[in-house]
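Given the structure of chain A, go ahead and fit chain B onto it with the hints provided.
Chains A and B supply the protein sequences, listed in that same order. Add 8 to the 1-based position in the first sequence for our numbering, that's all there is to it. Add 8 to the 1-based position in the second sequence for our numbering, that's all there is to it.
Hints are computed from structural coordinates only; laboratory data are not their basis. All values reported here derive from a predicted model rather than from experimental measurement. Just to be clear, a hint being listed does not mean it is correct.
Stated by the list, open to error - Only pairs whose alpha carbons sit at most 25 Å apart, straight line, appear in this in silico SDA-like list of lysine to any residue:
(1) A:Lys168 x B:Gly51
(2) A:Lys168 x B:Arg54
(3) A:Lys72 x B:Glu213
Stated by the list, open to error - Which chain B residues face chain A? A few, computed with CB under 7 Å, are given here:
(4) Gly88
(5) Ser89
(6) Gly140
(7) Met163
Built from N, CA and C at the ideal position, the CB exists for glycine as well.
2 protein chains.
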Amino acid sequence: MSEPISLLEGLASTRAIRRYTDEPIPTSDLNRMLFAATRAPSGSNRQPYRFLVLRDGPGARAAKELLGATFREMWGAKRGSDGYDRGSGARDDSPKARMAWAMDTFVDRFERTSVVVLACLVHWRGGDPTEGASIYPACQNLLLAARGLGYGGVMTVWHKPVEAELKSMLAIPDEVSVAAVIPLGIPAGSHGPVRRRPLAASVFEDRWGESAPWAHDPAGTGHTSWRGGEPRG
Amino acid sequence: MSEPISLLEGLASTRAIRRYTDEPIPTSDLNRMLFAATRAPSGSNRQPYRFLVLRDGPGARAAKELLGATFREMWGAKRGSDGYDRGSGARDDSPKARMAWAMDTFVDRFERTSVVVLACLVHWRGGDPTEGASIYPACQNLLLAARGLGYGGVMTVWHKPVEAELKSMLAIPDEVSVAAVIPLGIPAGSHGPVRRRPLAASVFEDRWGESAPWAHDPAGTGHTSWRGGEPRG
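Here chain A stands alone, though its shape is the one from the complex:
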């Protein structure tokens, strides 16, 4: 195996991966990823996160079918409403068309995804949005560890319309919610860089809307399209 990737390089280069080969993930690597996930912080170190791993058991097969069907519906609706086939999306080589193609592949092949992890949250406050501080850092650790071991994945919340059915299928208790669905696999094909708004558009100093004077992107950083001034709120 080559030199391990450094922490800072890993943070800068982990991106959503939606296309995977059909190869399985060895459980020893899954163990390493989930160990990393559970090192994340949580409020008062309560550790209310639980990870339900779906591979090829009866629960996994049923849940992957339910999720696959739902994701295809969600993507079909979004594809239309967000105009993925209009404008630059009509050109095969545009980022929009590439994204649409990756999404098609993702939802069409969902049932074949090697591993799907349900990131579950045991509630202790009644739906306070800050509860997310005790589950999503662990999800991010999982995705970063996947990157560190040569895998890729993506965090989705498209299970929401069928969450009740999913929970009943897998015996997930009432007081637990499924905070995210995270498919994981060996990346297939090539993947572009991480693209974000310029740093000065997201980092303020001392007062809302005042870009930090020292905030700048390293040379070669990929940007999403961004209208200057827009994020002043």
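Below, chain B without anything else, positioned relative to chain A:
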């Protein structure tokens, strides 16, 4: 500088740091941390996260005073209600007493914290808890990047009782919420290992409550106290 830490080692060894030296953080390092933070994923890559950095400007001084006073009140109440001075907490060398001492130091010195980052979320759904998936991964990236550069921090939500006052003080718009307050600094003193429940208590396979047979902690992993069977829900 020594060999950079690897991604997997960084994920496993980043812990909450609440005691800092008085030294400032160079803006070049802050820039690297915030760059890493903003590489995190968000729903549809909308990037609704904004980071408001508080150092030593007028906004920072006022906000640190407000937060310091609030944190001291919150900790005073928690110290009593959670019995930090009872049971093992009465012994100076217990983990409970060490935690209480670290918290005392944290809240007493809060105004002197070199940098306090407000992780802000521009809402696009009305308070849906899954919105946290678009801010807390970025917060975790920030804490991991701090670790990678020799700094430490902690994610807190103790600003909630004074969020309205804090927002008005810093001109944060109505449609934005402060999802977390993240103090950062150079770690002072020694810090123990990351302690979590055994992995098999948090990782299930195919059905809720069934520990993944392959889930195990590497030798030497620190554990929090845990009652077997408790997390079955």
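Going down the list of hints, with the structure as the test:
no.	hint	in the structure
1	A:Lys168 x B:Gly51	14 Å, holds
2	A:Lys168 x B:Arg54	19 Å, holds
3	A:Lys72 x B:Glu213	14 Å, holds
4	Gly88	15 Å, violated
5	Ser89	12 Å, violated
6	Gly140	2 Å, holds
7	Met163	6 Å, holds
Violated hints, listed in ascending order, are 4, 5; each of the other numbered hints is respected by the structure.
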